[in-house]
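Student: Using the sequences and the hints given, assemble the complete structure.
The primary structure of each chain is shown beneath.
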Amino acid sequence: MQPLTKLLEAALFAAARPVALDELLGLDPGATEEEVRAALSELQGVYHAGGHGVEVVELAEGFQILTRRECAEAIAQAQLVQRPRRLSVAAMETLAIIGYRQPVGRAEIEEIRGVAVDGVLRLLQERGLIDVVGRGEGLGRPLLYGTTLAFLELLGLKSLSELPRLEDLSVALKPLADQAVGE
Amino acid sequence: MQPLTKLLEAALFAAARPVALDELLGLDPGATEEEVRAALSELQGVYHAGGHGVEVVELAEGFQILTRRECAEAIAQAQLVQRPRRLSVAAMETLAIIGYRQPVGRAEIEEIRGVAVDGVLRLLQERGLIDVVGRGEGLGRPLLYGTTLAFLELLGLKSLSELPRLEDLSVALKPLADQAVGE
Amino acid sequence: MALPTAADRPFVIQLEEFSGPLDLLLHLIREQEIEITDIPIGRIADQFLAAIHVLRLNQAAEYLEMAAYLLRIKILMLLPQPLDAEEWEDPRAELVRRLLEYEQIREVVDWMLRRAGERADRFPRGVVPEPPELLLPPAEVSVDQLLQAAERLVELLPARVMHRVVPRPLDTEGATQRIQEVLRERERVELAELLGERPTITDIISVLIALLELARLGAVGLSQADGFGPILITRATAHEAA
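Residue numbers (this note's numbering), protein chains in the order written: chain A, 1 to 183; chain B, 184 to 366; chain C, 367 to 608.
Treat the hints loosely; a few may be bogus.
Between beta-carbon pairs, the in silico distance windows are [unchecked claim]:
| hint | chain 1 | residue 1 | chain 2 | residue 2 | range |
| --- | --- | --- | --- | --- | --- |
| 1 | C | Ile-575 | B | Lys-341 | 26 to 34 Å |
| 2 | C | Glu-460 | A | Arg-135 | 56 to 64 Å |
| 3 | A | Ser-159 | C | Leu-588 | 33 to 41 Å |
| 4 | C | Val-548 | A | Glu-126 | 45 to 53 Å |
| 5 | A | Thr-32 | B | Leu-343 | 44 to 52 Å |
| 6 | A | Pro-3 | B | Ser-271 | 33 to 41 Å |
| 7 | A | Thr-32 | B | His-231 | 27 to 35 Å |
| 8 | A | Gly-26 | B | Gly-323 | 51 to 59 Å |
| 9 | A | Glu-70 | B | Arg-284 | 35 to 43 Å |
| 10 | C | Glu-452 | B | Ser-271 | 53 to 61 Å |
| 11 | B | Pro-347 | A | Pro-18 | 37 to 45 Å |
| 12 | B | Met-184 | A | Arg-37 | 23 to 31 Å |
| 13 | C | Glu-397 | B | Arg-268 | 25 to 33 Å |
| 14 | B | Ser-271 | C | Ser-589 | 57 to 65 Å |
These are computed hints drawn from the structure, not numbers from a lab.
Here the structure is a predicted model, which means the values were calculated and not measured.
Glycine included, each C-beta is placed from N, C-alpha and C at the ideal position.
Tutor: Written as structure tokens, this is what we have:
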């Protein structure tokens, strides 16, 4: 492989999106468009001749390395790509707060966790674990979040009442109503 | 390339993370561990002999395809990929202590570093580099932290045993009691 | 001293130049090629004080704590040593132990930074935006993990509260007054009524503390007919109050 071809391979691999020819020219200021095109076809040739599991594909937006179609099934079967991912600690904590305090607004969650939670809320919402369930009273009528059926499914619970009781924990996470010693 | 090697290449390519040998075995139910290992080294050999821009690296208890170091500068310059941000020395000190002393509680880390570490611990936890691995014995049953696979990935280590042995450091801290303290 | 001079730069930036008081101390020691095991403590203590002043680190508790610690050792070193040298314990021993331990960590950190730098020069395949239906692999969560997360949060709370400025401190005096006023007019009142429509957490705690204190003094009686039932507060009779 020529040095430029090697660079191209690394760049296309790392970018993981279709890369336009213009962008590829940025890899080597000394290289002409013809040289880059030649390198691209050398790479295509190497992959083809060597019987590789990947190939260089030209798409509308540029060039991209993709796995060959005939490998897709085995990869899916081995569940290498779509693996269940553990939720991050941040996501877990946020989910716990919403689980116990719902309906609850962002400000309250941030107060408890001590960090901004926009990103985490979006992630949990995209995963369908929480949803907007209403709007609060205060300024700007903030969105209130609650957990979804998918949340219960995920934990294998029939209903929210099956969540472990937080009696042993500090008052902070209990709904306020429960805090005034059993009235 | 053998069919299994081709499949392996496609799988490692698609996974975009270190994949454990066990997981790779799932690609072909008929393949033995030796065959998968042989395929891995065939792939390593092909990349090496062909002067490719990528290579198969063993890290974080698995295998991953990464671009070669010498391509980094050009790829970053062409703005195709950004280098990850470096961790601060404070974060690295905390990671080092956890790396060697795990499971370890906050108090011990603070004693060694001489500063409060709440913020750093949270950051490292949110980045998935450490996690709570248990609770200590003492008062309040303090949380104990340990490093994760992402920590190994960060440093490109196969396993924790690749951390430098403390005896090999120039400041060898043997058992604390033995230290000759300039009397 | 080749310390970064920057009296005009903000405090936060200065904090980032050293990862802690031990880092600064080690910097001073290395700069002057001093043996850690035989630190001229008087000189180093003075330099440390001067440095945190210049770097404006003297606003950070940890640096002040170290400064005080160094001064204490300095004083101990000035005390006359006992004639029997065997009995004399070097006041610097603990500091030396900590510095050596810290120096070792720093050596590992240097190694880790180098490794991380090398690793950062090898790019993994970027994470591809997958088609929407594949975007979200099933998450792995168990009830246990959720409870652990909740516990962790609780763990973090008291630590944070220490640094927070509480705008509405507990008002047990006010609560005591209110309870006494109500009981002057009525013989009994339910706790829920006393707390009103939407009590804040500080209201609740203030009232509870006031009640417990009044009950201890025998000024009020507390009763609860059945478990989790309403809590009744009654005016204590003169006899009881005595």
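Student: The structure should be examined with respect to each hint, and the outcome stated for every one.
Tutor: Tested hints:
no.	hint	verdict
1	C:Ile-575 with B:Lys-341: 26 to 34 Å	violated (57 Å)
2	C:Glu-460 with A:Arg-135: 56 to 64 Å	holds (58 Å)
3	A:Ser-159 with C:Leu-588: 33 to 41 Å	holds (35 Å)
4	C:Val-548 with A:Glu-126: 45 to 53 Å	holds (51 Å)
5	A:Thr-32 with B:Leu-343: 44 to 52 Å	holds (49 Å)
6	A:Pro-3 with B:Ser-271: 33 to 41 Å	holds (36 Å)
7	A:Thr-32 with B:His-231: 27 to 35 Å	holds (29 Å)
8	A:Gly-26 with B:Gly-323: 51 to 59 Å	holds (56 Å)
9	A:Glu-70 with B:Arg-284: 35 to 43 Å	violated (49 Å)
10	C:Glu-452 with B:Ser-271: 53 to 61 Å	violated (45 Å)
11	B:Pro-347 with A:Pro-18: 37 to 45 Å	holds (42 Å)
12	B:Met-184 with A:Arg-37: 23 to 31 Å	holds (26 Å)
13	C:Glu-397 with B:Arg-268: 25 to 33 Å	holds (29 Å)
14	B:Ser-271 with C:Ser-589: 57 to 65 Å	holds (58 Å)
The structure fails to meet hints 1, 9, 10 from the earlier list, while all remaining hints are met.
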